[in-house]
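Engineer: Can you make the complete structure from the sequences, with help from the hints?
Residue numbers for the sequence shown follow full-length UniProt numbering, so the first one is 1 and each next one is one higher.
These are computed hints drawn from the structure, not numbers from a lab.
Just to be clear, a hint being listed does not mean it is correct.
[To be verified] Ranges between beta-carbon positions, derived for each pair:
1. P71 - E100: 19 to 27 Å
2. T74 - D3: 33 to 41 Å
3. P9 - Y41: 21 to 29 Å
4. D114 - P5: 33 to 41 Å
From a predicted model like this one, the values you see are computed outputs, not experimental measurements.
Glycine included, every Cβ here is placed at the ideal spot set by N, Cα and C.
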Amino acid sequence: MNDLPNLDPEHLTVRADATPSASDHAPRILLLYGSLRERSYSRLLTEEAARLLEAFGAETRIFDPHGLPLPDETDAEHPKVAELRELSFWSEGQVWCSPERHGNVSGVFKSQIDWLPLSIGGMRPTQGRT
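Structural biologist: Structure follows, in structure tokens:
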């Protein structure tokens with residue numbers, strides 16, 4: 001496997017008895033990052049995490065926070081808000097990566113969390129996924 005030069009391919013082999021049988025598709029993982037910089041280290045780390053997850057057989061999607069409005073700035077039907085909500089429901093697991101700002105996640109990342117609905121149909125979109 002040339003695109004993961006620091007990993008020994010034998011470590012990527014998954015035993016047949018370690019594979020869950022309850023699903024007819026690969027695990028669906030949503031990755032969120034919290035920086036808008038052109039050379040964002042949290043984005044680069046998120047992209048690398050996606051490559052590793054895909055090497056282990058997961059299906060991944062990365063949400064791009066560019067253009068996501070601040071909470072309460074617009075309604076929940078904004079296209080970026082709807083995209084984030086749909087990706088959250090699509091996912092079965094999530095990976096969150098944010099730069100640290102004064103001991104907390106970045107404002108960009110917090111906005112993503114704030115736009116995730118607290119509950120729809122009695123279930124949080126992040127329940128059992130983060």
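Engineer: Taking the hints in turn, state whether each one holds.
Structural biologist: Okay, the hints, checked on the actual structure:
no. : hint                   : result
1   : P71 - E100: 19 to 27 Å : holds, 21 Å
2   : T74 - D3: 33 to 41 Å   : holds, 39 Å
3   : P9 - Y41: 21 to 29 Å   : holds, 27 Å
4   : D114 - P5: 33 to 41 Å  : holds, 38 Å
In summary, this structure violates none of the numbered hints.
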